[in-house]
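Just so you know, the sequences run in chain order A and Z.
Numbering (my numbering) for the first sequence: -3 to 353.
Numbering (my numbering) for the second sequence: -3 to 353.
By construction, these hints were calculated from the structure, which means they are not laboratory data.
Be aware that one or more of the hints could be misleading.
The list treats identical chains as one, so a pair stands whether inside a single copy or across any two.
What the hints assert, rightly or not - For lysine-lysine, the following DSSO-like pairs were computed, each having C-alpha atoms within a straight-line distance of at most 27 Å:
# : residue 1 : residue 2
1 : Lys106    : Lys73
2 : Lys83     : Lys106
3 : Lys138    : Lys73
4 : Lys106    : Lys85
5 : Lys138    : Lys12
6 : Lys106    : Lys51
Number of protein chains: 2
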Amino acid sequence: MLIISNDEVRTLLTMKDCMAVLEEAYLERHHQRALSRPRTDLYVPRGDDAYYVFKSMEGLLPVKHVAALRINSDIIKWRKTPEGIRKDKQPLADGNWVGLIALFDMHTGKMMAILPDGVVQGFRVAATGGLAIKYMARADAKTMGLYGAGWQAETQVISACVARTLEYIKVYSPTKAKREAFADRMSRIVGIPVIPVDKPEEAAQGLDIVVATTNSITQVIKPDWIGPGAHVSCVKHLELGEDVIAKADFVAVHSQLTVPENYVIGQGEKRIYGQDPNEHGEHKASETGWESAVELHTILGGEVKGRENDEQITCFVNNIGLGLQFAAVGALVYSLAKERGLGINLPDGWFTEDVHP
Amino acid sequence: MLIISNDEVRTLLTMKDCMAVLEEAYLERHHQRALSRPRTDLYVPRGDDAYYVFKSMEGLLPVKHVAALRINSDIIKWRKTPEGIRKDKQPLADGNWVGLIALFDMHTGKMMAILPDGVVQGFRVAATGGLAIKYMARADAKTMGLYGAGWQAETQVISACVARTLEYIKVYSPTKAKREAFADRMSRIVGIPVIPVDKPEEAAQGLDIVVATTNSITQVIKPDWIGPGAHVSCVKHLELGEDVIAKADFVAVHSQLTVPENYVIGQGEKRIYGQDPNEHGEHKASETGWESAVELHTILGGEVKGRENDEQITCFVNNIGLGLQFAAVGALVYSLAKERGLGINLPDGWFTEDVHP
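All chains should be built: construct the whole structure from the sequences, respecting the hints.
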């Protein structure tokens, strides 16, 4: 049983490899040879305007004989800011957060590894956005605009550069110093100009690819800013808002199950879709309705075209994650860690039992 | 982060303590101050007449500030025997099985402990059966009949003896040598005669408490064997069958959610209730229908009487487990392990992260 750290994941994972294993996993999913269990979120109010939230999801990828369980044990506060409502996970675990991936071997049942989810999380979200660019953006897309300057924005820049040969990227985020530091850092990483812009519209107007990767749960892009032929995507559909999505000629989603299944203490063991446990509308039922939307895997599988022509506006809603992503990326991380002798080995026997469970 | 072994759990847990913490947890549940996420089972056929099955469930118990996740990573075969269909978990993890409980601190989010589920499993099922005896059997119940001679039968004998002062127990299981060894061993443990019987009816006729704790998924008790005033219970409703349950004047269940939520590969990310992924009818929809049954916690909470008089036949269907049980018993095990310095301490930092998840 291997304990792998975020630092090790960082040295092991490349965006290119990550996109390749996810592409394979989505094809497996398309052929119904993979399985994910929808994310469930359990909410308990703490009495200090925060919630304890326990999230879990699972994915099984038989071709790699890996089952993955992703767990988040969070204390979350929602707060109003001039830019909208923001959700903040409180780092109360000695200044850290708690997000874990446990990997299991489907041949033996054994737990193979535990690793933090942070680095994988950035990779898998961005890699999926990158695959959407690969299959949905114009073949000659050369420019990108980006909203957000956090860790998800960082990996999104890299996956876009894997998917297309870009000439430059414009980035907007509300804090000037933050977007400038981000642009400076990312320019050096991807080797093309990453340009901080002062007005939000400049990160969309006239650009081929427009991506929102913020922690905002209110609209950050206006429909007027999006021109013909653009590919637009987001990590939360609320970042785009209904009118931006409505402007697209073709919309695909990561999963038709847009909202997690919520269980809220005091309401019995009842599953609640699209309700509002935190009273901030993050998962409003009115904003769902993706039940019959095209899922990304059907485009990868060749069943549906990602784009019909160079004039269409395409939109990818990189909504709720799938356990499958953690199985695919986790399997890759695990095999590389074994190959390179990384991670801390714990006795397998600590995690098996001779008592019939 | 503490790694606790089954052997340590055995030295730490007593049935009396276990019943006490579960009683408290059920009261919390009754007052809607606890939360469980229904068990989900993910099925993938292996191609060798077995399935890989990944099960998980969760429970949050704020009064103890503990969240528990219970995981089973099993390879399961179903086989026909003269006594009915049996389900066998294959010990392919170096000869062992894989069932784990992970405990989280709701104050900080931190993972507090990982322990195998085997010993806890025996305790929590039997403790719940014991609480049902406490609240539903006649106050003067003095005799018990038992079906099964496995590990669950063992703990069930102990919890019955905590709930009532018994004079003797009769035990039946199909293999003579097994039931005799069991009776011999248990007599010494509980200090009252445990008598092996050769005919199945002898473990029910004229007895005050009749409990089925087998791994059979077909009926083991006939309705004619149950007399007035008896309290009957089972760990799977199929052990009793519909006619035994129908004979009872009052029936309570552990949970109204009798069947887990199944996801079967090849059928999309669809939740399937009561279907038959393994084609052996373990979770047939026709045998469910407990959606409005009385749950044990309502009896503990004083809302419903467990028994009206000494003539009634009462029946407790100790059906599907609740994550809450693992939170309650897990919290107890963890606090005792800390108190007595047991378990292997791993650095907390291995299981937290400074990367925002």
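Evaluated hints:
no.	hint	in the structure
1	Lys106 to Lys73	between (36 Å within a copy, 17 Å between copies)
2	Lys83 to Lys106	between (36 Å within a copy, 20 Å between copies)
3	Lys138 to Lys73	neither (39 Å within a copy, 55 Å between copies)
4	Lys106 to Lys85	between (31 Å within a copy, 13 Å between copies)
5	Lys138 to Lys12	within (19 Å within a copy, 70 Å between copies)
6	Lys106 to Lys51	both (22 Å within a copy, 13 Å between copies)
Taken one by one, the earlier hints fail for this structure only at number 3.
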